[in-house]
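Trainee: Chain by chain, the residues:
There are 4 protein chains.
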Amino acid sequence: MRCSLGPVSRNRAAVLHAVGDVRIEERRVPEPGPREVLVEVAAVGVCGSDVHYYEHGRIGDHVVRAPLVLGHESAGRVVALGDGATKHGVGDRVALEPGVPCGRCRECRAGRYNLCPDVVFFGTPPVDGAFANLVAIHEDFAFALPDSLSDEEGALMEPLSVGIWACRKAGVGAGDRVLVTGAGPIGLLAMQCALACGATEVTVSDLNPHRLEVARRTGATATVTPEDDVAGDFDALLECSGHPAAVAAGIRALRPAGTAVLVGMGPEEEGTLPLSVIQSREIWVTGTFRYADTYPAAIALAASGRVDLKAIVSARFGLDEAEAALRASREDPASVKPMVLP
Amino acid sequence: MRCSLGPVSRNRAAVLHAVGDVRIEERRVPEPGPREVLVEVAAVGVCGSDVHYYEHGRIGDHVVRAPLVLGHESAGRVVALGDGATKHGVGDRVALEPGVPCGRCRECRAGRYNLCPDVVFFGTPPVDGAFANLVAIHEDFAFALPDSLSDEEGALMEPLSVGIWACRKAGVGAGDRVLVTGAGPIGLLAMQCALACGATEVTVSDLNPHRLEVARRTGATATVTPEDDVAGDFDALLECSGHPAAVAAGIRALRPAGTAVLVGMGPEEEGTLPLSVIQSREIWVTGTFRYADTYPAAIALAASGRVDLKAIVSARFGLDEAEAALRASREDPASVKPMVLP
Amino acid sequence: MRCSLGPVSRNRAAVLHAVGDVRIEERRVPEPGPREVLVEVAAVGVCGSDVHYYEHGRIGDHVVRAPLVLGHESAGRVVALGDGATKHGVGDRVALEPGVPCGRCRECRAGRYNLCPDVVFFGTPPVDGAFANLVAIHEDFAFALPDSLSDEEGALMEPLSVGIWACRKAGVGAGDRVLVTGAGPIGLLAMQCALACGATEVTVSDLNPHRLEVARRTGATATVTPEDDVAGDFDALLECSGHPAAVAAGIRALRPAGTAVLVGMGPEEEGTLPLSVIQSREIWVTGTFRYADTYPAAIALAASGRVDLKAIVSARFGLDEAEAALRASREDPASVKPMVLP
Amino acid sequence: MRCSLGPVSRNRAAVLHAVGDVRIEERRVPEPGPREVLVEVAAVGVCGSDVHYYEHGRIGDHVVRAPLVLGHESAGRVVALGDGATKHGVGDRVALEPGVPCGRCRECRAGRYNLCPDVVFFGTPPVDGAFANLVAIHEDFAFALPDSLSDEEGALMEPLSVGIWACRKAGVGAGDRVLVTGAGPIGLLAMQCALACGATEVTVSDLNPHRLEVARRTGATATVTPEDDVAGDFDALLECSGHPAAVAAGIRALRPAGTAVLVGMGPEEEGTLPLSVIQSREIWVTGTFRYADTYPAAIALAASGRVDLKAIVSARFGLDEAEAALRASREDPASVKPMVLP
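Chains as they are written, first to last, in this note's numbering: chain A, 45 to 386; chain B, 45 to 386; chain C, 45 to 386; chain D, 45 to 386.
One or more hints might be untrue.
As the list makes no split between identical chains, a pair holds if one copy fits it or if it spans any two.
[What the hints assert, rightly or not] Taking lysine to any residue and the SDA-like style, the derived pairs with C-alpha atoms no more than 25 Å apart in a straight line are:
1. LYS354 <-> PRO161
2. LYS131 <-> GLU245
3. LYS131 <-> GLY276
4. LYS354 <-> THR265
5. LYS131 <-> GLU196
6. LYS354 <-> ALA266
7. LYS354 <-> HIS96
8. LYS131 <-> GLU257
9. LYS354 <-> GLY263
10. LYS131 <-> CYS146
11. LYS131 <-> ALA275
12. LYS131 <-> ARG156
13. LYS131 <-> PRO300
14. LYS354 <-> ARG374
If you're looking for bench data, these hints aren't it; they were derived computationally from the structure.
Just so you know, these numbers come straight off a predicted model, no measurement behind them.
Just chain A, same shape as in the assembly (with noise of 0.2 Å):
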């Protein structure tokens, strides 16, 4: 292993030990195996399922048995090289893809690693995540930052990642007219998504009206309430807001051919439809879980400025503070994203 430890020879780490129960922990430092790199975490960013974790202590049938480190959006410096690792330098900033695939499945053979059985994801139960000073990760799923990033910007990738991943299921092409219900972190990346895709009308749905001024002023073209009717014609509708109704009423908002993407999970695990629209038009509807091969088109995008990531920060933490940011977004309307510095 060759390395710069140095000041990081530590590893302090934000361990949730039961619903609402987070403690400031001394860790091991991760040995990185063959072809690993050991990552000194400089951002990490609060998703939604992290919170999901902390207040619930489970997502689905992903149940947290043992104390379990948060943290999936995550960028940093390269510290160390385990055995074989060339693609990175000790030093590089890169932003780290949370979840390595075993790369032989049906899944992963056909394409599709973000259904991978056997993948191993960042702050899933059991595996560790990023609320800490050091992660262990192979080096391709460590990308290399250029300087015009930050690392928060890095860290961001990951919800970024989501977005691209919505816009490419949704085949989101220029000039198109796209519905995105929800404005959360996902639902604001998803819609610049869709405009550096080329979109040239992009309607956003939410009842916060904080979240709805980041969406204009991140490039919407027109905000609107659940409650409005939303009379419309639309190429794609991107449901990020997890509310069954909102994917029924999107749904009749499509043109004939249009595509729905089921983004945002709710706490339901059913939803009406209107299964006469889809047949008459000929919808097509699917969902997105988590997002593969996104990275590279992530980095560019930010790094030529075709998205506006620093306009969803709405808060910064220490390591220290992790259960303030988890707790922000349920406590401050105006809260978008917090992010964690460790």
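Assemble chains B, C and D onto chain A, guided by the hints.
Mentor: Just chains B, C and D now, with coordinates in the frame of chain A:
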């Protein structure tokens, strides 16, 4: 108009006057317009939508407000040519694609002419259909039938097209495992199309043992009833029953990134779908409305013996017996596809 | 026919009689047919194909055998309506899609109406074009121009469509790296379309420094000359020069599974391609012939400011100067897109 | 390592030492690594690339610099399991996908793992192949063979995969008309795959009457020689001869928007293509390099009887006769696919 009307100088038709009221009447002989052909109808299939108009007087927004000739699955012989028609000769046997789109609107330009709002479609109010001696249609929507195919088979190019369209939407390919729910004529033909596209496992579900027997005889690799647990890992669901419960159960039986195609139209406008499965497996859900650009493939499949159309014909009726044909499927559990031979 | 001809009761046109022989003549005022609109032409772009007919009297199998009005990049104002035309009102400003397909043939049904063998296309023998005061066209091929777009910009929806079509064929998406060879009007607009579709690196190649300057001014991230070694790893090649050598070199610069789109038409019917590269990298190679279903996207892109059309207009001429306009691109190395304003 | 080596405790192999110099040698018994299986080889097909290495010592940049075991079309019986291997049991019969990609690079992530630059591929220098008693491979690249398929058929999953991949690239579907140029083993299997995908007209071209006879016996609807004029309107060209002239003639025989897939590799790196046809008809041209994610479909097709693999096996050899097997295709015009049975 060049013609050889001779024996068909009269035009008798089965006319729906009201729910349950079909009368045989003399209609005027249609005058083929520019580039149209006049066709002496030799065979017409009875479709579930014909039965629905007969029993309910409407399908959704399509309401029978004036006497209507039903029937849209037809084949026959060209007996006269309108001005400029050169594609067929008098005496040629043809299968008729029953919907003529505008060819210029947004949907037509995008290659989805089945969604053209201005389509003129046989047997859909207020357009008369093919339960008649004579019909006129644009020559480009009459397709030459090879000698190896009978008139009945020619008429069945229409429901076969529905099956082809469903398979195209589902992307059925070599080695695929397909679940077909509903073994009416459409389900049975969709099943045969899936096999013709290379599917190697096709499971068919229905309550009616007669229909499952036809399914087995025509290639189903397994048959089940809706009560059976279809623990599955299917690449595609071709839902031909119209039951929302079959849609939901079928989606749960799909592999990650599998596709569900809603072909059957049920009485309900809405249905409850497992949104979390659609998301976590990135399932694609869509529906079909008629078909586009399928007739050449349908004729080629039938002519090459890839599909067995005779197996689904369950009874034959004269034009005077059209009403009995419309009642057959309701009154006889062994009925699959009744044919009317004018 | 409802109309407001008033000032345009005469129809002057620039008519190509023979190679190098264009005459201004009085033509009859076209009578708009059913569902056609009569349009007073306000702006027409000069296309390379117009110049080719002017200089050679033919393009491939299309031979000018009778006096022909050239011009197919046009926009103007509706001055009269044929029977049944309802889409536009007299006085509306419209951009004209210059090719009206049959809407019914195999190509039209498959959604590739640009390949319709029976298309009626402005300025292509024997169909007259738009270097005239008045033209008639089916209302569905006239597209409403928003006030924010000038007549000139409206006329340029045509070459912009070529660029959009090239990008669609290439599947240009967010974060892509694109090589554009040839910086004539088509190359420059294809470049802008690629940027509008999310491409983050676009390298443009040409010999003409004036054109490379325009490329840089309108967004090219790099410009090179054909002599430069374009060591690359491009996702897409948009070949707009028509030189087979550019095709071959461009293909070698593509990443595995990249796409080369041949947009520019050169004098040679054949070209030598690196077949072993196409195989070992599974490159896709295709070409474009006009475009299909691009006008709504073109207008949306222009109206939203995603593309800068003014930057390519290099000179303006009256209808009487049409011949000078046809000569401009040959005589002036700084010429990009000459416009005729009838 | 759990095992049942018993009778195969020795590992004899046919080793290529130099051009035309193959020796039977004792090699060490491979030790299966983590998640690998050790397989006793039962059947290996002789591929054109094996013959090419035997005759020329190289294929392009792949040069035989050290003694090399050839052979990559293989099937056999699992005799030992490496650590963590659980997918197969000792005694299971398996077909081997001979290339194991890295699973993490750009190509792997994009679902085109056949283009992985770090793939480890049997019988490609410096990786030994399957003309041996024993080989080790990752368990995910060994596929269970159903009892209904013989070892020979199992070995032929490899060239069958090439045919499946070609048909996928070409998008062969129900009712398609396909032209296959070259009736060697790949052409013959590509033809059968096209039929299995629903193609209803398949024309096969070759000079060798023996091979055309096999083509006819296995489903070709027409056979021609390269001298014949194939006036056509084909949906797809599967070029399996490697002759640039066949590529060019085949492209001219395609319908508008048809697809040409270059499967056969010829001696020339370049070839002259009709660029103006590619443009005016918007033809798609691509090539194949091996295949990705085809083994499950190949096994399903073969097990369901959709393809006849026995028809292409022309001779069988023992391992000691491997050199004779390599010479067979050159020396016997009736040779199609020689098999080695170690």
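Trainee: For LYS131 vs GLU245, is the C-alpha pair at or below 25 Å within one copy, between two copies, both, or neither?
Mentor: between (40 Å within a copy, 22 Å between copies)
Trainee: First find the shortest C-alpha distance between LYS354 and THR265 inside one copy, then the shortest across copies, and answer within, between, both or neither for a cut-off of 25 Å.
Mentor: Answer is both: 20 Å inside a copy and 24 Å across each meet the 25 Å cutoff.
Trainee: My question is about LYS131 and GLY276: at a cut-off of 25 Å on alpha-carbon distance, are they close within one copy, between copies, both, or neither?
Mentor: For LYS131 and GLY276, the Cα distance is within 25 Å only across copies (19 Å; inside one copy 48 Å).
Trainee: Checking LYS354 and ALA266: alpha-carbon separation at most 25 Å within a copy, between copies, both or neither?
Mentor: Within. Shortest intra-copy distance 21 Å satisfies the 25 Å Cα cut-off; inter-copy 27 Å does not.
Trainee: Evaluate LYS131 and PRO300 at a C-alpha cut-off of 25 Å and name the case that applies: within, between, both or neither.
Mentor: Answer is between; shortest inter-copy Cα gap is 20 Å, intra-copy 46 Å.
Trainee: For the identical chains here, do LYS354 and GLY263 meet the 25 Å Cα criterion within one copy, between copies, both, or neither?
Mentor: Answer is both; intra-copy 14 Å and inter-copy 24 Å each pass.
Trainee: Pop the pair LYS131 and GLU196 into one bin, within, between, both or neither, using alpha-carbon distances up to 25 Å.
Mentor: within (22 Å within a copy, 42 Å between copies)
Trainee: Quick one: LYS354 to HIS96, C-alpha cut-off 25 Å, is that within a copy, between copies, both, or neither?
Mentor: within (24 Å within a copy, 51 Å between copies)
Trainee: Classify it for me, LYS354 with ARG374: is the Cα-Cα distance of at most 25 Å met within a copy, between copies, both or neither?
Mentor: Within one copy only: 20 Å inside, 49 Å across.
Trainee: Using 25 Å as the alpha-carbon threshold, which applies to LYS131 and CYS146: within, between, both, or neither?
Mentor: Answer is both: 19 Å inside a copy and 15 Å across each meet the 25 Å cutoff.
Trainee: Give the relationship of LYS131 and ALA275 under a CA distance limit of 25 Å: within one copy only, between copies only, both, or neither.
Mentor: between (50 Å within a copy, 21 Å between copies)
Trainee: Which holds for LYS131 with GLU257 at a C-alpha limit of 25 Å: within a copy, between copies, both or neither?
Mentor: Cα proximity of LYS131 and GLU257: none, with 41 Å in one copy and 37 Å across.
Comparing the model with each numbered hint stated earlier shows that hints 1, 8 do not hold.
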